[in-house]
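Same order as they appear, the protein sequences are chains U and H.
The first sequence finishes on residue 265 if you use our numbering, and the numbering steps up by one all the way, no holes.
The second sequence finishes on residue 402 if you use our numbering, and the numbering steps up by one all the way, no holes.
I should point out that these hints are in silico values taken from the structure, not numbers from a laboratory.
Don't take every hint at face value.
What the hints assert, rightly or not - In silico negatives: residues of chain U with every beta carbon more than 12 Å from chain H:
1) Gly85
2) Lys100
3) Gly101
4) Ile158
5) Gly159
6) Val180
7) Arg193
8) Glu199
9) Glu247
Stated by the list, open to error - Chain H regions said to be covered by chain U (calculated; three or more residues, Cβ under 8 Å):
10) 182–191
11) 373–381
Unchecked claim - If you want a taste of the chain U side facing chain H, the calculated C-beta under 10 Å gives, among others:
12) Glu179
13) Asn181
14) Tyr182
15) Ser205
16) Leu208
17) Leu209
18) Asp233
19) Lys236
20) Lys237
Using N, Cα and C, we set each Cβ at its ideal position, and we do this for glycine too.
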Amino acid sequence: MRYLAAILLLVPTFLWAQEPSGKEILQRIDKNMASKSTISTSKMVIHGARQTRTIEAKSWGIGDEKSFTEYLAPVREKGTKMLKLDDELWIFSPGSDRIIKISGHMLRQSLMGSDLSYEDMMDNAELLEDYDAGVIGSEIYDERDCWIVELQAKTAEVNYQTRKMWVDKDRYIPLKEELYAKSGKLLKKLELSDIKKIGNRWYPQKMVFKDMLKKGDGTEFIIDEIEFDKEIPEHIFTKAALK
Amino acid sequence: MLAIKLAYRNLIGAGLRTWLNVFVLSFIYVLIIWHYGILDGWNEQANKDMKVWEAGNGHYWHQSYDPYDFFTLEESHSQIPEILQKATNEGIVTPILLSQATVYPDGRIQSMLLRGITPDQKVVAIPSAELNVELEEIPAIIGRRMAKSCKLKEGDITTIRWRDVNGTFDATEVKIVKVFNCNVPSVDAGQMYIPIEKLREMMQAPNEATIFVIGADAEMSDSVSGWAYKDYDFLMTEMNEMMKMKKVGGSFFYVILMLLAMLAIFDTQVLSIFKRQKEIGTYIAMGMTRPQVVSLFTVEGAMHAILAVIVGAIYGVPFLLWQMKTGMSMPAGSDDMGIPIAESIFPVYGVGLIVSTMLLVLIITTIVSYLPARKISKMKPTDAIKGKIQ
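Taking the hints into account, I'd like the entire structure generated from these sequences.
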């Protein structure tokens, strides 16, 4: 009887110890997702109301401060280049042979007709900086056991007040994310799949972004190749590289 | 007097040639008066509509507000100053708060300007009283252009998304309680009106405004710190410039007609001087001085314009009066140019317009008639009587 009492007393403690805190989960996600630098080749499949378009691009990135993307296909977009330095974004379009700075309201426009805005693309600050995280439950999602982590903004100056993530318990990678408006309305949904081990990290090869207020099947982001922590020459992240 | 009598007799004697010239000239009279009448009527109507719907008797703009630069919207709102609050309470001005937003009609995405307006205001003609309803959703009113571009109608519920002053996204449902008809595109296109208090709450901008509209009959021009006063003339500058351009563009057509008519009169004059050399020689032989003969021919030419006034009046007055009464229907979609255009434009004919048109045609005709007549002063009367070509 004494053993039974001891077991009953210890089990909750044991279980508690098994459940990491929201902060720990975010830290482990960052270990998988964040890197010093990335070089990737990807496809963006935009499912519009009438047609589906595929855009191929090669990107170079350093942390979340610098990134450079060159669009490779289709012919209409080929040669378009995008440079992001901190909070600023420039686009070079070969058709007009001009470099345009995207700022203010234009940042809210859709990126090449996708479900992503330029702003969404630029919003890749570490989650721990802006959000308090808490585990609110556990669920099987996409046949994987997941923590459900709720993120509440620490400050008022964030795009989304609340986020919800379904994080794979074994691999510490989010499999689904929901972005909410202040009113609680679901604005955007992100689904990550085809998780592969690359070096010592798990990384999703496919992401589906969906603007929940808009019709359509969302935008798929498929990574064909990705390399982490490679040296990238500094000249790539200059406006001169756009032309 | 003799010249006028002779000129009249010669003109009537010329028959069809005279009446053809007179008819073309009369057509130009009627066309110019009608065209300027339409433009003046349009201008008057547009000014009235602008005053009632948008400009009032002037605006106060937040110092950072620039209607041509949407990037300024995020910064261009602040607390209502005391003097404008007092004027608001007295119904002299009405505050409007502006915010960029996105509307998702039937799952499509469209950028728009969200305008917060006081439902009880009577300063502008926007039917804001329709917003005085208790609904689960936010009540909203839109103009017919916005309704058309978004495919929205009264009773529709749609989602809007915006950002508060901190940049955080928010979204909610709005119900279209009224689609209003307005001739001023800048009041309507790409805009949605909701109660100002609701927008303040949504933006987290309590008691703030972007612009104030001064009532059309109210007087206010005090300087207010942090707010720029824009008088009625300033607000109408762009529209007046456009109307001027329209007048210039429209005059091209009747300048061509006028040139054709003047060419006809010039030819008639040249021909009659050539054909009537014996007559000219006889006039001089009988004691008329050369300037008298020149003036006879000039008056003869200029008299085309006077006869044209009479002929023009016969068919032009009933036509112009009929137009004034029924107006000219504008084709659907013609107001998409950005200028306020009513469904029908009623021409306005001022005395100045009629007199100046008559004078203009008369002067030009006289000059054109005089130019070939100058040749007479170089004629030798003896050769002229013999009918020798000179």
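Quick one: see if chain U covers the stretch 373–381 of chain H, three-plus residues with Cβ-Cβ under 8 Å. violated (count 0)
Please confirm whether Ile158 of chain U is truly not at the interface, meaning its C-beta sits more than 12 Å away from all C-beta atoms of chain H. holds, 21 Å
Hey, does the Leu209 of chain U contact hint survive, CB to chain H under 10 Å? With Cβ-Cβ at 6 Å, under 10 Å, it holds.
Under 10 Å, Cβ to Cβ, is where Asp233 of chain U needs to be relative to chain H, so tell me if that hint holds or is violated. holds, 7 Å
Confirm or reject: Lys100 of chain U is not an interface residue toward chain H, with every Cβ-Cβ distance exceeding 12 Å. holds, 26 Å
Leu208 of chain U as chain H interface residue, shortest Cβ-Cβ below 10 Å: holds, 9 Å
Do the numbers back the hint for Ser205 of chain U, that is, is its least Cβ distance to chain H under 10 Å? Holds, because the Cβ-Cβ distance from Ser205 of chain U to chain H comes to roughly 5 Å (cut-off 10 Å).
Next item in the hint list is Lys237 of chain U. Is there a CB on chain H closer than 10 Å to its CB? holds, 3 Å
Once the closest CB in chain H is found, is it more than 12 Å from Val180 of chain U? violated, 6 Å
Answer holds if the nearest beta-carbon of chain H is closer than 10 Å to that of Lys236 of chain U; otherwise answer violated. Lys236 of chain U check passes; min Cβ-Cβ to chain H is 5 Å, inside 10 Å.
Can we confirm that no CB of chain H comes within 12 Å of the CB of Glu199 of chain U? The claim holds: Glu199 of chain U sits with its nearest Cβ about 15 Å from chain H, beyond 12 Å.
Holds or violated: is the Cβ of Gly101 of chain U farther than 12 Å from all Cβ atoms of chain H? holds, 27 Å
Of the numbered hints listed earlier, those contradicted by the structure are 6, 11.
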